[in-house]
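Using the sequences and the hints given, assemble the complete structure.
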Amino acid sequence: MQISEFYTLLLLMLLLFLITSLIRTIIERKKTKKEQYKTRTLIKCAKCGYTEERDFQIGDYVLKPEKECPKCKTITRIHRIYDVKVPKK
Amino acid sequence: MMLWIRNIKIHLVRIERLAKDARKKVLDMLKKGGIKGDPEKFLNTYLQFFIIDPVRDEPTNLMRRLEHLLNIRQRRFKLGLKQVLPSLGEFTRANLEIMIEAARALDIIYRLVRHYLMLGEKTNNWILIMQLELEMPQIVKLAETYHKALDAFKEGKPIGDGIGPLVAATLMNSGGSAVKREVVEDTIVGVVERKNRKLYVIKAKGPGGTVGKPGEAVKKVIEELKDKVSRIIMIDAALKLEGEKTGEVIEGVGAAIGDPGPEKFKIESVAMEHNIPLDSIIIKESLEEAITPMRKEISDAVEKVIEKIDKALEERTKEGDVVIVVGVGNSIGIAQ
Numbered sequence: 001m002q003i004s005e006f007y008t009l010l011l012l013m014l015l016l017f018l019i020t021s022l023i024r025t026i027i028e029r030k031k032t033k034k035e036q037y038k039t040r041t042l043i044k045c046a047k048c049g050y051t052e053e054r055d056f057q058i059g060d061y062v063l064k065p066e067k068e069c070p071k072c073k074t075i076t077r078i079h080r081i082y083d084v085k086v087p088k089k
Numbered sequence: 090m091m092l093w094i095r096n097i098k099i100h101l102v103r104i105e106r107l108a109k110d111a112r113k114k115v116l117d118m119l120k121k122g123g124i125k126g127d128p129e130k131f132l133n134t135y136l137q138f139f140i141i142d143p144v145r146d147e148p149t150n151l152m153r154r155l156e157h158l159l160n161i162r163q164r165r166f167k168l169g170l171k172q173v174l175p176s177l178g179e180f181t182r183a184n185l186e187i188m189i190e191a192a193r194a195l196d197i198i199y200r201l202v203r204h205y206l207m208l209g210e211k212t213n214n215w216i217l218i219m220q221l222e223l224e225m226p227q228i229v230k231l232a233e234t235y236h237k238a239l240d241a242f243k244e245g246k247p248i249g250d251g252i253g254p255l256v257a258a259t260l261m262n263s264g265g266s267a268v269k270r271e272v273v274e275d276t277i278v279g280v281v282e283r284k285n286r287k288l289y290v291i292k293a294k295g296p297g298g299t300v301g302k303p304g305e306a307v308k309k310v311i312e313e314l315k316d317k318v319s320r321i322i323m324i325d326a327a328l329k330l331e332g333e334k335t336g337e338v339i340e341g342v343g344a345a346i347g348d349p350g351p352e353k354f355k356i357e358s359v360a361m362e363h364n365i366p367l368d369s370i371i372i373k374e375s376l377e378e379a380i381t382p383m384r385k386e387i388s389d390a391v392e393k394v395i396e397k398i399d400k401a402l403e404e405r406t407k408e409g410d411v412v413i414v415v416g417v418g419n420s421i422g423i424a425q
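Here the protein sequences come in this chain order: Z and L. According to this note's numbering, the stretch in the first sequence is residues 1 to 89, in order. According to this note's numbering, the stretch in the second sequence is residues 90 to 425, in order.
Keep in mind that the hints were calculated from the coordinates and are not lab data. From the three backbone atoms N, C-alpha and C, an ideal C-beta is built for every residue, glycine too. Possibly wrong hints are sitting among the right ones.
[Said to hold, decoys possible] Each pair of labels, with its calculated beta carbon distance range:
| id | chain 1 | residue 1 | chain 2 | residue 2 | range |
| --- | --- | --- | --- | --- | --- |
| 1 | Z | 42 | L | 284 | 54 to 60 angstroms |
| 2 | L | 171 | Z | 84 | 47 to 53 angstroms |
| 3 | Z | 5 | L | 210 | 42 to 48 angstroms |
| 4 | Z | 42 | L | 96 | 27 to 33 angstroms |
| 5 | L | 158 | Z | 48 | 47 to 53 angstroms |
| 6 | L | 96 | Z | 12 | 24 to 30 angstroms |
| 7 | Z | 18 | L | 200 | 34 to 40 angstroms |
| 8 | L | 349 | Z | 13 | 54 to 60 angstroms |
| 9 | L | 226 | Z | 5 | 36 to 42 angstroms |
| 10 | L | 364 | Z | 28 | 53 to 59 angstroms |
| 11 | L | 317 | Z | 42 | 35 to 41 angstroms |
| 12 | Z | 30 | L | 389 | 26 to 32 angstroms |
[Unchecked claim] According to the in silico footprint, chain L covers these stretches of chain Z (three or more CB under 8 angstroms from chain L):
| id | stretch |
| --- | --- |
| 13 | 55 to 69 |
| 14 | 75 to 85 |
Quick look at the structure:
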């Protein structure tokens, strides 16, 4: 093998390494960007333990009185408000 | 150096965009709330509002001097907002106050990065430019975190830092509603029976965005009860290290509170003065998770914390004892 061929091979390998690392960086950046969250509100009846989950609405806060419990007819309250990861499509 | 400067400038444009957007969001809220006078002028006053640190070379009364300055600042903010937005509800006003704080943080980040970049260029200081370039990814991440937090504050969603108040609110409302009162400004104490012990549960007043004065509240409750308190249990969110699990609950001793100093100092002093053991339970989360809407993993930690409190009550106190439980953190989106 001549010296010039050796350098060409070395350059080609370096180029290949650079391209693969670039592709890996782009893929990883896309992966992190796709992570999205959605805020959910969990309503609970303190008497019978009935729970219901819905999307967060502006004005919601923990312990806010909500509608009547469909099971025991007592007033339910917002139990928790939290962010859940939106599954990737 | 040219490449570093170019890269910093690209990041600076992004930070500037975030700071401008934060400013726009606060201005929109001010206009929506029916602000009296010029909203731009009002916001400019508070965006660059400063506090001069007390002299630290002379430590006498340092904490009291710092507390005094912090109180003045807080009152100025509150009064300023009340004067221009008298018709706005108390809780919305509190949320607006922390929105201004977040916009202020973004403004400071932008101005500081711009300052060091221009200084480095002007003096041809490549060490300064190199340091800034190496720190840029972390600075941009911090700016993005504050920007994300703005939306949570705007909509009044509970944030990760609110885990302490959430535990306190759950305790106050477990097994019947507790007797509650505002013990000091923006801080609520609720008395509740649990495991045949009397618990004085303290949290910031919600659902508006405030951290209250937990130190002052603990001091007042102990003074009212005159040496009857047998234990203090503090619950707070704590910054996790990279690689650690979000929502992990761990125990320790000491005052679990991340204030500038006065509140922590008060709790330590009063606990030492009355010889009351000070336990703490922390919930691990990152800075981003602490100031953005509460993740489910953090919210799920409430039950684990209550289990640990029950265990502490059974193992380290006797029946009939009086225990103070403090839920430290921002109570945005969490009532009592």
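To see whether the hints hold, each was checked on the structure:
1. Z/42 / L/284: 54 to 60 angstroms: 26 angstroms, violated
2. L/171 / Z/84: 47 to 53 angstroms: Once the Cβ atoms are compared, 37 angstroms apart, the range 47 to 53 angstroms for residue 84 of chain Z and residue 171 of chain L is violated.
3. Z/5 / L/210: 42 to 48 angstroms: 46 angstroms, holds
4. Z/42 / L/96: 27 to 33 angstroms: 44 angstroms, violated
5. L/158 / Z/48: 47 to 53 angstroms: Hint holds: Cβ distance 51 angstroms, inside 47 to 53 angstroms.
6. L/96 / Z/12: 24 to 30 angstroms: Because 29 angstroms falls inside the window, the suggested range holds.
7. Z/18 / L/200: 34 to 40 angstroms: 37 angstroms, holds
8. L/349 / Z/13: 54 to 60 angstroms: 55 angstroms, holds
9. L/226 / Z/5: 36 to 42 angstroms: 40 angstroms, holds
10. L/364 / Z/28: 53 to 59 angstroms: 54 angstroms, holds
11. L/317 / Z/42: 35 to 41 angstroms: 37 angstroms, holds
12. Z/30 / L/389: 26 to 32 angstroms: Holds, since residue 30 of chain Z and residue 389 of chain L (Cβ atoms, about 29 angstroms apart) stay within the stated range.
13. 55 to 69: Three-residue rule met by the stretch 55 to 69 of chain Z, so holds; n is 8.
14. 75 to 85: holds (count 5)
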